[in-house]
Amino acid sequence: MTGIHEKALVDPRAKVAEDVEIGAFSIIGPDVTIGPGSWIGSHAVITGRTTIGKNTRIFHFTSMGEEPQDKKYSGEDTELIIGDDNTIRELCTFSRGTAQGGGKTIIGNNNWIMACVHIAHDCVLGDNIIMANNASLAGHVKVGNWAILSGYSLIHQFCSVGEHSFTSFASHVNQSIPPYVTVSGEKAKAKGINTEGLKRRGYSPEQIRQVRRAYKLLYRSGTPLEEAKAQLTLMAEEHEEIQPWVEFLATTEKSFIR
Numbered sequence: 001m002t003g004i005h006e007k008a009l010v011d012p013r014a015k016v017a018e019d020v021e022i023g024a025f026s027i028i029g030p031d032v033t034i035g036p037g038s039w040i041g042s043h044a045v046i047t048g049r050t051t052i053g054k055n056t057r058i059f060h061f062t063s064m065g066e067e068p069q070d071k072k073y074s075g076e077d078t079e080l081i082i083g084d085d086n087t088i089r090e091l092c093t094f095s096r097g098t099a100q101g102g103g104k105t106i107i108g109n110n111n112w113i114m115a116c117v118h119i120a121h122d123c124v125l126g127d128n129i130i131m132a133n134n135a136s137l138a139g140h141v142k143v144g145n146w147a148i149l150s151g152y153s154l155i156h157q158f159c160s161v162g163e164h165s166f167t168s169f170a171s172h173v174n175q176s177i178p179p180y181v182t183v184s185g186e187k188a189k190a191k192g193i194n195t196e197g198l199k200r201r202g203y204s205p206e207q208i209r210q211v212r213r214a215y216k217l218l219y220r221s222g223t224p225l226e227e228a229k230a231q232l233t234l235m236a237e238e239h240e241e242i243q244p245w246v247e248f249l250a251t252t253e254k255s256f257i258r
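Each residue of the sequence shown is one higher than the one before, starting from 1 at the first, in the working numbering.
Please keep in mind that the hints were generated in silico from the structure rather than gathered at the bench. Please read all numbers here as calculations on a predicted model, not as lab measurements. Any given hint might turn out to be false.
Said to hold, decoys possible - Just the calculated beta-carbon pair ranges, DEER-fashion:
1. 25 <-> 75: 22 to 30 angstroms
2. 18 <-> 87: 20 to 28 angstroms
3. 206 <-> 75: 51 to 59 angstroms
4. 206 <-> 103: 22 to 30 angstroms
5. 71 <-> 209: 24 to 32 angstroms
6. 237 <-> 204: 13 to 21 angstroms
7. 42 <-> 237: 47 to 55 angstroms
8. 71 <-> 174: 15 to 23 angstroms
9. 69 <-> 25: 17 to 25 angstroms
10. 187 <-> 87: 27 to 35 angstroms
11. 169 <-> 19: 33 to 41 angstroms
12. 19 <-> 200: 28 to 36 angstroms
13. 201 <-> 71: 39 to 47 angstroms
What the hints assert, rightly or not - Cross-link-like lysine-lysine pairs, in silico, DSS-like; alpha carbons within 27 angstroms at most:
14. 71 <-> 15
15. 7 <-> 72
16. 189 <-> 216
17. 216 <-> 187
18. 104 <-> 191
19. 199 <-> 229
20. 72 <-> 104
21. 199 <-> 216
22. 254 <-> 187
23. 72 <-> 254
24. 254 <-> 189
25. 254 <-> 104
26. 71 <-> 104
27. 254 <-> 229
28. 54 <-> 7
29. 15 <-> 54
30. 199 <-> 189
31. 104 <-> 15
32. 191 <-> 216
Each residue gets a CB set at the ideal place from its N, CA and C atoms; glycine is no exception.
Please construct the entire structure, taking both the sequences and the accompanying hints into account.
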């Protein structure tokens, strides 16, 4: 496919970079912006005030930027923002934000999002995230950089998923996940740290040891939470890899998986 297929419907008001490729029967709405080097497969529908960055690939039968699935939504002008270098596979559905949630659903850069993933209104995703087939985020979920959500993982609304964390297959998550932590189960529980993921990203054995030490303090030592927070703050002064724990515990809006 080269350029815009003759059977695609692209509103003349849409802002589409010259080298963007768009497949047959795809529909691009008037308030859509698509950056250079991006590729849109066939039968995709991209509507609403949706911005797509450069070099992003969106596969067939996706729905991007449709109205949020929220009864409070009453036609407000809200957005979906997708960054650069993302891969979004077949049958994914990403909703725009709501006025109550800040008005924006935001997807960062270099994310690998597999088939049938749903990202609801007002979610905010960082960079280098993997979401496997049929993983779903309810509204207002935050996902940190390098997190991996295995297939059929379900994340409850308003939860945060910490950076470098990992959910096992079909995890049902109704509390926030701290950074680095692996969770598993129909009612997800913490199972340790994402050691393999950290190794792949170049963490040294000493850095991993410190992350494991922080995990044991929070999960195994029986230390009261406020005291554990104080100890983690002190650890972070010498070991920067502990800082994400400190920031997570200071900002998470929901109770976290213990």
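Evaluation of the provided hints:
Checked against the given bound of 22 to 30 angstroms, the beta carbons of residue 25 and residue 75, roughly 27 angstroms apart, stay inside it. Distance hint check for residue 18 and residue 87: the Cβ-Cβ separation is about 22 angstroms, which falls inside the suggested range of 20 to 28 angstroms. Between residue 206 and residue 75 the CB atoms are about 54 angstroms apart, so this pair conforms to the stated range of 51 to 59 angstroms. Taking the beta carbon of each, residue 206 and residue 103 are about 43 angstroms apart, not inside 22 to 30 angstroms as hinted.
For residue 71 and residue 209, the Cβ-Cβ distance of about 48 angstroms falls outside the hinted range of 24 to 32 angstroms, so the restraint is violated. For the hinted restraint 13 to 21 angstroms between residue 237 and residue 204, the CB-CB distance of approximately 18 angstroms keeps it satisfied. A beta carbon spacing of about 54 angstroms between residue 42 and residue 237 agrees with the range 47 to 55 angstroms that was offered as a hint. Here the CB-CB span from residue 71 to residue 174 is close to 21 angstroms, well matched to the stated 15 to 23 angstroms.
At roughly 24 angstroms, the beta carbons of residue 69 and residue 25 sit within the given window of 17 to 25 angstroms. Range check, residue 187 to residue 87: about 31 angstroms between beta-carbon atoms, so the 27 to 35 angstroms window is met. Look at residue 169 against residue 19: about 38 angstroms separates their beta carbons, and that is inside 33 to 41 angstroms. At roughly 33 angstroms, the beta-carbon separation of residue 19 and residue 200 lies within the given 28 to 36 angstroms, and the hint holds.
Look at residue 201 against residue 71: about 40 angstroms separates their beta carbons, and that is inside 39 to 47 angstroms. For the suggested pair residue 71 and residue 15, the alpha carbons sit about 30 angstroms apart, so the restraint of at most 27 angstroms is broken. With a C-alpha separation of about 36 angstroms, the suggested pairing of residue 7 with residue 72 is violated against the 27 angstroms cut-off. For the hint pairing residue 189 with residue 216, the CA-to-CA distance comes to about 15 angstroms; that is within 27 angstroms, so the pair holds.
The straight-line distance between the Cα atoms of residue 216 and residue 187 is roughly 21 angstroms, inside the 27 angstroms bound, and the hint therefore holds. With a CA separation close to 33 angstroms, the supplied pair residue 104 and residue 191 exceeds the 27 angstroms bound. Between the alpha carbons of residue 199 and residue 229 the distance comes to roughly 26 angstroms, so the proposed pair stays at or under 27 angstroms and holds. Distance check on the hinted pair: residue 72 and residue 104 sit about 15 angstroms apart at the alpha-carbon level, within 27 angstroms; holds.
In summary, the hint linking residue 199 to residue 216 is supported, as the alpha carbons are separated by about 19 angstroms, within the 27 angstroms threshold. Restraint check for residue 254 and residue 187: the C-alpha separation of about 16 angstroms stays at or below 27 angstroms, so the hint holds. For the hint pairing residue 72 with residue 254, the CA-to-CA distance comes to about 22 angstroms; that is within 27 angstroms, so the pair holds. Taking the CA atoms of residue 254 and residue 189, the gap is near 15 angstroms; set against the 27 angstroms cutoff, the hint holds.
Our distance criterion of 27 angstroms between C-alpha atoms is met by residue 254 and residue 104, whose separation comes to about 20 angstroms. This hinted pair checks out: residue 71 and residue 104 have alpha carbons roughly 17 angstroms apart, not beyond 27 angstroms. A C-alpha spacing of about 16 angstroms is found between residue 254 and residue 229, which places the hinted pair at or below 27 angstroms, so the restraint holds. As the CA atoms of residue 54 and residue 7 are separated by approximately 23 angstroms, the hinted pair is consistent with the 27 angstroms bound.
The straight-line distance between the Cα atoms of residue 15 and residue 54 is roughly 13 angstroms, inside the 27 angstroms bound, and the hint therefore holds. For the hint pairing residue 199 with residue 189, the CA-to-CA distance comes to about 23 angstroms; that is within 27 angstroms, so the pair holds. Restraint check: the Cα-Cα separation between residue 104 and residue 15 comes to about 19 angstroms, which is no more than 27 angstroms; the hinted pair holds. At roughly 11 angstroms between alpha-carbon atoms, residue 191 and residue 216 fall within 27 angstroms of each other, so this suggested pair holds.
In the structure shown, a violation is registered for the earlier hints numbered 4, 5, 14, 15 and 18, in ascending order.
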